[in-house]
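UniProt numbering numbers the first residue of the sequence shown as 1 and each following residue consecutively.
In short, the hints are calculated from the structure, not lab data. You may find that some hints are simply not true.
As the list claims (entries may be wrong) - Okay, the calculated beta carbon distance ranges per label pair:
1) R100 to D331: 57 to 65 Å
2) E129 to H239: 50 to 58 Å
3) L163 to G84: 27 to 35 Å
4) E172 to P78: 32 to 40 Å
5) R360 to R228: 26 to 34 Å
6) D112 to R228: 56 to 64 Å
7) H196 to I42: 28 to 36 Å
8) Q21 to F151: 20 to 28 Å
9) E200 to Y135: 50 to 58 Å
10) A118 to F151: 26 to 34 Å
11) I130 to L276: 21 to 29 Å
12) G292 to F104: 26 to 34 Å
Where is the CB? At the ideal position from N, CA and C, for every residue including glycine.
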Amino acid sequence: MQTQLVPAQRQHLDALERIEQASFTTDRISRRSFRRFIDQGIGDFQVLLADQEVVGYYIVLYRQATQLARLYSLAVAPQFRRRGYGRLLLNAAEHDADERHCLFMRLEVKIDNAVALALYHQAGYYDMEIRPEYYEDDSDAVVLQKLLPRFEPPAGQNGAQRLVPYRTQTTEFTCGPASLLMAMAFFDIPSQDPEHEELEIWREATTIFMTSGHGGCGPHGLARAALRRGMKVELHVSHDGPVLMDSVRSAEKKQIMARIQESDIAALKAAKVPILVGDYSLAQLMEDLSQGKVVVALISTYVFDESKAPHWVVICAADENYVYINDPDQDSLPWQSAAERQYLPIPLATFRRAFGFGRRKQKAALVLSRAPHVD
């Protein structure tokens, strides 16, 4: 049979109704709703034709101002099942969402629908939660989600590019040290006890008073720690002198922060580490990454979880659509393994909003490479 995916039209309504009646016992999409999706052009609504007969469909909906797509419905007529049509429809739905630069596809499945759950699990979806009494018959739903875009090495490298290893921070306050450890691993700089060294780096680099809890690592302190561990460092900061002091109300604390950071700045200058004051642009970022460097950058987590916290991440790669990061936070994508949290795609527009912290949008980036070997 020849198959073809086409946008749903009114002429498909009779077949869509038959498929819906045969596929679901509750929560069926009505003919009126199908017609509204078609007439109003809501989301992506495609039907699968086999020799011009409608054998299945999918509907993907999008929420404005988010990178989340929802697979609202997918069904195949019973007589055409077990021919790979369900997977074909799912692949096409994911492609539509990916083309719109969505990061995630989310969907709900009845908890006892083993066939559907198997399809989605095989396609890389992860169970997020159970929603009790979600359907009309009071049955529960399993909520599943999948990260859509994946990092693809540039053409000509045949997938041989070495990836920056992923590491999860072991405490809530050591994102900077964990990011440095990822860079060290990429440059084959050994660490006999990474968990111990994570805290050692934190002790060396902590220059920021947080609103509560342990202190945080500033860019000058992290740059010194990277230098001590055999990395060549180029530090980009948007403001001259001590940074990240705006949110500290205590004059005494500000004075302590200034003294520590001024000491770090003097040490970096003595070591001839370039401290470049100004904007670190996306164009410069892409140029540095193309030269095999790794960038540890300060971001604000507000655009991700609405918490105004400074956070260090590793920028590993970039293309025309995404910046790919290793986020050491153990709470990011908790349903996936560490390997699957590697090279997380962040849309360029989202990264622009996230890069920088505070009212003055203070930016900091450590551009790291391995220091040349000296005999």
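Handout entry: Non-conforming hints, listed in increasing numerical order
Key = Result: hints 1, 2, 4, 7, 8, 11 break, sorted rising.
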